[in-house]
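Visitor: Residue numbers (our numbering), protein chains in the order written: chain A, 1 to 271; chain B, 1 to 270; chain C, 1 to 267.
Check each hint, because a few of them may be wrong.
Unchecked claim - Short derived list, chain C residues pointing at chain B, Cβ under 10 Å:
(1) P103
(2) M167
(3) R171
(4) V173
(5) V244
Unchecked claim - These stretches of chain C come out as covered by chain B in the derived footprint (C-beta under 8 Å, 3 or more residues):
(6) 22-29
(7) 88-102
(8) 111-117
(9) 150-157
(10) 188-199
(11) 202-215
Source of the hints: derived by calculation from the structure; they are not laboratory data.
For each residue, glycine too, the CB sits at the ideal point set by N, CA and C.
The residues making up each chain are set out below.
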Amino acid sequence: MAGPDPSVAAAKRAGEPVLSVRTLAKAYDAGTSREKLAIAEVSFDVARGEFVCVVGPSGAGKTTLLRCLSGLLGPTSGEVRFEGTPLRAVPDRLSVVFQDYSRSLFPWLTVNRNVAVPLRVAGVGKQQREARIQEVLHAVRLGDVGRSYPWQLSGGMQQRVAIARALAQQPDMLLMDEPFASVDAQTRFDLEDLILEVRRELDITVVLVTHDIDEAVYLADRIVVLTGAPSRVQEIVDVPLERPRTQLGTRSSEAFGRLRRHLMELVTTSS
Amino acid sequence: MSADSGRVGARWSSIAARTAVVVAVLAGWEYLSASGSLDASSFPSMTDTMAELARQLVSADLWTALWHTVRGWATGLAIGASLAVLVGTLLGLNRFAYLSVIPVVEFLKTVPVIAILPLAIVVWGATLQMKVFLVAFGVFWPLTIQVIYGVRAVDPVVRDTAVVLRLRGVRRFVGVTLPSAAPFIATGLRVAAAVGLILTIIAELIGGAKGLGLSILTTVNAGPQRLPATYALILVTGVAGVVVTSAFARLERRVLHWHESQRNLAPTGV
Amino acid sequence: MSSGVTGAVALRWVWSNVWRLWFSAAVLVLWWVLSADSTSTFFPPLQRILERLHALWIVGDARSELWSSLGHFAVGYTVAGVVGVGVGALLWKFRRIGDAVSPVLYFVYVIPTAALLPAIVAIMGIGSAMKITIIVLAAVWPTMLNTLDGMRGVDPLKLDTAKVLHMSALRTVRTVVVPAAMPQVMAGLRHSLQVAVIMMVVSELIASQSGIGFFILEAQQRFAITEMWTGIIVLALVGSVLTVVFIAVERVVLAWYIGARAVERKG
């Protein structure tokens, strides 16, 4: 690729946050008497390779924030920068996983064809496409389900398909909206571990919005705690738990308990 | 711009646009007639039609014709719908009867109702009975199917609740089965009402029974100078259609609304 | 051995589905027996009806009436389907125009098309053009309104997903909006089918020299009641066969939808 010296560019990119949110505010029905402020002022950065969770009490405008971060929704004021450029639309190197897989997957397409959608959009050739589909399905530990329809699979497997489809785009960053809220507890643990492995293997940045404090502590490097609506950043908590993490070991550690307690206090007092 | 003006403005602009389209259609009609693009011997001008409509509205003939149409439609609908609710409920409550009879009902539902019209005409001639029979017959099959599905589609949670509450017999039917089936029946009725009106008009046109359909035919046969009356009557039929459709759509919405609130209450009601 | 077992299973399957037809069979037998000695002019013996049906429609040349009718139906229904889906999609795409024309559209929609018949005959005469026009005018509405409704009802999260996957507007319509609206489009097409069959007959009843509707009406006017009955039965069968064919097509087109619904109901 023609362009500036790659090593300089890489160095520059390493120093610069992947995602940068500056005094973001979002009001619905702005300029009318029904104006409702969902996000008052939110600022934080996400460094390359980092895993950041956003938590807050229910009704804290988490989904609104996610839509602003993905470029689906324009902010009322403030700015979101992705890899240095202000967001206008959903950027190419960003993928989004929604909570409700039964709504975000296309029920009229097989698993293979669902995963193929972003590849077709990008104009990837047939052979490469098939190889890539196998690759991402393998990455989310899905075996031979390509010819099935999503609705023939369990909830956990469907969400894996949604994650595989998001990964097929080879994103730099994965944005997830309560991705494990619609599955049972055991599947949830499996999917949490899966996303940690995927992130380690593919070396991508993850921003995950959740209402589950335990999940946030277990997954994140840093946690952005929001106040109730209209949201502000209440505190940004570092999670210095060592990796690799395990459900049993990490969750029963003393440090985990302390962090969890601290976050609980933040979230319950703010609502 | 002040606070609410954005939304209110949007609503007004929508009303204005709709009005403009209606006016444009009427004006375009008049223009095409005046310019001679629309042959006056087969298509009257808008103003002639409206003038004729105004004349018709104060004449007894129109109202008599309308009354005949409404009577045939309402009687047929009432008979067909009552029978459909009765038969549909009985079939829906009994699995054996349902499985046995459903092939016949499904078959008859696909039969074009109109096939039966010539038979009705030879049996009853150009009478009210002929009209009523056609409407009742046409409305009965699709509505019966709706009722059967409605009765069978009682929410399992609601059904379990009824068992827990020891509701049986008539009580269970009135308190659980009918309310659950109501939205299905309301939807079926809305469709049936519109179909019934079409069948009434067809019965009058082809069977020669008194009503708006026959009046339209008579004005057409009376020659080009009566053409404005034809179109005036068509407009009246359209208005009848609007009234029937919106009335039954409103009924359906009410039942559906009630159904939704009912469904939300169901789990906490246990 | 094993073939005996599968044979038994197959037999049970056939039996569990076939026994339901007892009532249909009973109705036919009852009709046959009760009408056997019928002297009523209106209800001739079923046996005689079937004999005439064979003579007229199977070995006779009444079939040509059927082809004439079906030709008009095929053209009219196809036009109604294509125009209905096309205009429905345009009304969805150009929301403001759709909103502006909605009162006029609604009014034309609720006018019972039969009421327009005499006027259309006065304008167009009694040829094929008139028949096809009537079929189109009546059958276009269910498809159009269902297409519009179906496209408006596409889950917003699916549209968000399309944006997240960087789909172009055209691809979004092709990959997301059309398939998502398809169940409702098919429902509209099915309703249009029934309307088209009815209007096919009505157009022949009111002014025509050919077609199955004309055959029935003409038999009725000659007081050839048995022949009229054969026409009615043939028409009934035509309506059913068309519906069955449609359902077969629908099962293929909406296989994903039917499958997903079945899973949903079980879960």
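Visitor: Can the segment 202-215 of chain C be counted as covered by chain B under the rule of three residues or more with Cβ-Cβ separation shorter than 8 Å?
Guide: holds (count 4)
Visitor: Would you check chain B against the segment 22-29 of chain C, counting CB to CB pairs closer than 8 Å, and say if three or more residues qualify?
Guide: Check passed, 4 qualifying residues.
Visitor: Are there three or more residues in the segment 150-157 of chain C whose C-beta lies within less than 8 Å of some C-beta in chain B?
Guide: violated (count 0)
Visitor: Do at least three Cβ atoms from the segment 111-117 of chain C come closer than 8 Å to Cβ atoms of chain B?
Guide: holds (count 7)
Visitor: Against chain B, with CB atoms and a cut of 10 Å, does the hint on V173 of chain C hold up?
Guide: violated (25 Å)
Visitor: Against chain B, with CB atoms and a cut of 10 Å, does the hint on P103 of chain C hold up?
Guide: Hint holds; P103 of chain C Cβ to chain B Cβ min 5 Å, cut 10 Å.
Visitor: Take the shortest C-beta to C-beta distance between R171 of chain C and chain B; is it under 10 Å?
Guide: This hint is violated: R171 of chain C lies away from chain B, its Cβ roughly 30 Å from the closest one there, beyond 10 Å.
Visitor: When the nearest CB of chain B is found for M167 of chain C, is that gap smaller than 10 Å?
Guide: Hint violated; M167 of chain C Cβ to chain B Cβ min 28 Å, cut 10 Å.
Visitor: Mind taking a look at whether chain B covers the segment 88-102 of chain C? Criterion is 3 or more residues with CB to CB distance under 8 Å.
Guide: holds (count 5)
Visitor: Does V244 of chain C pass the interface check with chain B, least Cβ-Cβ distance below 10 Å?
Guide: Constraint on V244 of chain C satisfied, holds at 8 Å.
Visitor: With a cut-off of 8 Å between beta carbons, are at least three residues of the segment 188-199 of chain C near chain B?
Guide: holds (count 3)
In the structure shown, a violation is registered for the earlier hints numbered 2, 3, 4 and 9, in ascending order.
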